[in-house]
Amino acid sequence: MLDLTKYPSLGEAIREALETWPNEVCLYESDRGEEKQRLTYKDFKLRALPLAKWLQDSGFAAGDRASIIMTNQSKWLISAYAIFYCGGALVPLDYKLKPEEQWKLLKHSGATVLITEYPIWSQLSTSAGRAETDQVRTVLVTETPANAELAGAIRWESAQGDGEPTFVARTRSDLACIVYSSGTGGKPKGCMMTHDNYLEQCVALTTWYPFWPGVKYLSILPTNHAIDFMVGFIGPFTCGAAVVHLRTLRPEYVREAFPQYQITYVSLVPLVLKNLQKGLQARFNELPSGKRRAFELLRKINIALTKSRPRRPLSRLLLKQVHQAFGGRIEAIIVGGAFTEPQTLQFFYDLGLPVANGYGLTEAGTAVTVNDLKPFRADTVGKPLPGMEVRILNPGADGIGQVAVRSRTVMAGYLNEPELTAETIVDGWLMTGDMGRFDPCGHLQLFGRKKNMIVTEEGKNVYAEDVEQAFESLPVKEYCVFAANYVWPSTSMVGEQLVLVIHLEHGQSYTEELRKEIAARNSRLINYKRIHGVVVYGEDFPLTASLKIIRVALAERLRKLPRETAIVPI
Amino acid sequence: MRTIEQTTQEILELATKHFKVEPGSLKAEDDFYKKLGIDSLQALEMLSRLENHFRIELPDYEVQGVSDFKTLAERVQARL
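Going down the list, the protein sequences come from chains D and E. So for the first sequence, this note's numbering puts the first residue at 1; every next one is plus one. So for the second sequence, this note's numbering puts the first residue at 1; every next one is plus one.
Just so you know, not all the hints are guaranteed correct.
Claimed, not checked - Using 27 Å as the maximum straight-line C-alpha spacing, the simulated DSSO-like pairs for lysine-lysine come out as follows:
hint, chain 1, residue 1, chain 2, residue 2
1, E, LYS20, D, LYS529
2, E, LYS70, D, LYS98
3, E, LYS34, D, LYS516
4, D, LYS477, D, LYS516
To be verified - Computed footprint of chain E on chain D, listed as stretches where at least three residues anywhere in the stretch have a Cβ under 8 Å from a Cβ of chain E:
hint, stretch
5, 87 to 100
6, 117 to 123
7, 271 to 284
8, 394 to 404
Hints are computed from structural coordinates only; laboratory data are not their basis. Since the structure is predicted, the reported quantities are computational estimates derived from the model, not experimental observations. Note that CB positions come from ideal geometry on N, CA and C, so glycine has one too.
So that you can see chain E by itself, here it is in the shape it has in the complex (with noise of 0.2 Å):
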């Protein structure tokens, strides 16, 4: 079993990636819409991202009005 910290950094790992920003930029408290200038439809495709690495499914309901990598990260951690 992840812990949180685990799972916040993998979450963080992934952005990084997914939006090819520069490695280390990301942080547990950035917005990630403003942090990664996305609109809401790339923020749900980071969601499947998510979905697909975690293998969990997150529920639509379950995310509305996330807009931080901390709070995404503990709704994740309440599915694994």
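Here chain D stands alone, though its shape is the one from the complex (with noise of 0.2 Å):
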């Protein structure tokens, strides 16, 4: 790999790739089992310089700022990489959001170009979110049918300028990206992440985790996610490895894909592993007595020989089957973006599969500690990566108490809000809000949460106070969102839900009818955003002077009902 430390920038340290491995693949893009595309780093340069030229003609300048809203393919890294290299900001952003919640976030970051795909400029365009955000001045469409109605946009395709473009450098303190790491109906948190944030990420990550030429990451994450942007993108493109991306993301397809691509290392979200376990589990569960009988034996000599650290190819011998369906190069699993339950990692390393397992969050510039399988711990979130400082705040008798990160990789601040960055980062000291403590082997393990959020098994962070909005002007006296193990703490990271607060008006009753309107405002949220009770309480809310709910207290008070009979199913 690159000795990262030269570089003071991504575009730089991306620019010396490209030339150092000129015909080593880069990126394969396949769709339904059929490949679609195949690139070296020296195709990579060819399609990405000529659009740095056309966005350096166009006024992109350095410090401006551009958000990609894109599914995972070969563009979203070339257009990156052309931002990159005009010494602007990119600004990432999920596909998945609604267009409003897009518009939101694009004024918020003051944008002024925008690199999107057709079905989602389809609906951007007509969105009522587009005219307040005029700061948009160039919007470049990829995937645009021909005859396609474009709305001011100009085709991806097309934006080509002659010439050579101009390097722009940047400075390690430089702003590189704009990260929403959640909180798209309240205040937008953009987190500011720095080119030597994601430098030092990426040293760090590396060490334990090596990226070389040949190597071949699936990226199933979507690109936008902290996760996803490291290692299927900073990660691989330092490293002269190649990433491949699928165009639909059925469970059929990304299973092909593992021995299609020989895949080395993957990132999921423990529902997507989860779900895995299952699909496998069953499979062994129609195996013949005999076979199964035999394969039984095979794992417990594989469990046996791997207990102090994983044995990759003799894993491969041993169950040569289970790991020809993974394509028999897996290095690890990659989980992250929540919190994954220890047998579900346990069954992975039994098998053989390395599972890197780890704990981060966008603020602290992706992950913080990791499972360095020296030996392999289900039971933890693994150990700090070199260069981070993580130490418990306050702890209790138990030792548990809050997890606080001190870093190069940790994020500038929030755009913004300094109020907000002042409350998050003391003393040079990122607060998580996760509670935790450290084990004597130095690993660390998670015990709930400080803040008012939940984290869903497919890495979605919820903040209580985004999902308030769609009970806005609910027939109640007052309503307020919390998430439970707020309310009532638990030790416990999986099934974390949300519930609606309600306190009724003076002879009001929880009526049929207004149970009714609870749940059809609820299934209009996104699925993960939805509430599972609601708690009918009884007294006025605490307000603050100017009338806001003061959420502290109100949970305080919650508290002394009991959880169990509190919440009532919609």
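Each chain sits in its own coordinate frame; assemble them with the hints.
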């Protein structure tokens, strides 16, 4: 890999990689099992530079911001590099958000350029949010059918400048990306990530999980997500490795991709990992009894031989069929975005498929701790990566306290939110809001959250405040949404739920009609943001002088109610 | 050529069979995540079933954000 300490910016590091490995494949694109595209580092450069030149000719300059809203594909990474080449800052946004949410974040980010795909643009261009976001002057659209109406946008393919673009140098402390960790409904939280943040994180991660030319990383998590941006773009591209994109993300095509490309690394959210486990277990259960006994014996031998460290070649021999289904080259399955149950992690490790489970947050520059596999531990989220200082604040008698992180990978702050930044980064320490403790071996274990939020198994962060607007003008006196575990602290990290707390008008009762109204509004929310129950609270909510709900005080009062009976399912 | 009503009906029947729910309990307006209690992966599996049944290809972007049978049927119908 490149010695990243030498480079002042992501753009410069990738530029060097394109010259270092011109003939190595950097991108594969497959759709429904059929390979549609294969690009070398040289091809990548030949596609990115004309776009960079076009952007420069259109006035895009150092420090300007450009957003990408695309599904995982080669043009995502090509566009990102072109933006960095021009000295711009990238605003990667989630393509799964609703158009009005995307416009809101575009406006907040200050992006003047938007690069997107036609199906996304056809929704964005007709959304009301467009009129309020006139700072977005240039829109480039890929996948546009012939004769399609572009509504003021330009075809990505035609954005080709003539001649050499000028490479615009950036320094380590310059803004590289604005990443929205969450908060589409309430206050947008735009994490300002510097070039230093990313380059340091990349060094830390690849120290434990190296990439090299020939490695194939299967990119399934959306590239706007901090994990895929790092291990599905920056990591492989600074090591001469390749990224595999699938244009149709159905479980059967994902399964096929492993043997088709002999995948080395993949990142998954717990939901997908659990689904894989279910599928494999069902296949093991179907084995005839003789074969099953033989398989169990081999699994036991594998467990015994890999107790202290993974022995991949040996596991591949012992459990050949399982490994063949995964392509026979897996180094590690990276799991992140949410808490994973230890038994799921252990299931894969016992099959000789190391799982790099870890803990991180966008604000910390992706990963903070990762399993170092020396030995594998399913019951922790691993040890701090090189360069990460992690400490437990005000630990109780059980050693549990808030996890704080100090590192060069910690963001510069939240965009346009100095107060929130000051609350989150105190004396250089990032307050994660997660509760944890270290075990005697230096592994971090997590025990619930201090924050009024949930993280779903799909890795989605949902802040309770963001869900509240769905219940606006609900016919009750007052209402408020809470993460149930925030009100009633729990050390469990699975099955987190949101609840709606309502205070009825004098004489009003919780009728079937009201329940239906709540259920109807709830069903209009995207599935992972939905509330799971209602708490009917009989007293006035504590309010500030400006009539805002004092959530901490309300949660304290609610805590006195027994959780089991207080929450009524809707 | 099927009518949209026929397409909707066939989707409801397929979902009923695939997720083993009481026949007749699913309606076009139902939110399938909620009604079937399924996650995003199971929804993707259902899409693959629909593709095989109707012999069509439903690109991921077309079903992005769709959560009720009625809208799903419209997307399928447009591809028939």
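We went through each hint and held it up to the structure:
1. E/LYS20 / D/LYS529: Roughly 26 Å separates the two Cα atoms, so the pair holds.
2. E/LYS70 / D/LYS98: holds (19 Å)
3. E/LYS34 / D/LYS516: holds (14 Å)
4. D/LYS477 / D/LYS516: holds (17 Å)
5. 87 to 100: Contact hint for the stretch 87 to 100 of chain D vs chain E: holds, 3 residues under 8 Å.
6. 117 to 123: holds (count 3)
7. 271 to 284: Since 3 is at least three, the answer is holds.
8. 394 to 404: violated (count 0)
Violated hints amount to a single one, hint 8; each of the other numbered hints is respected by the structure.
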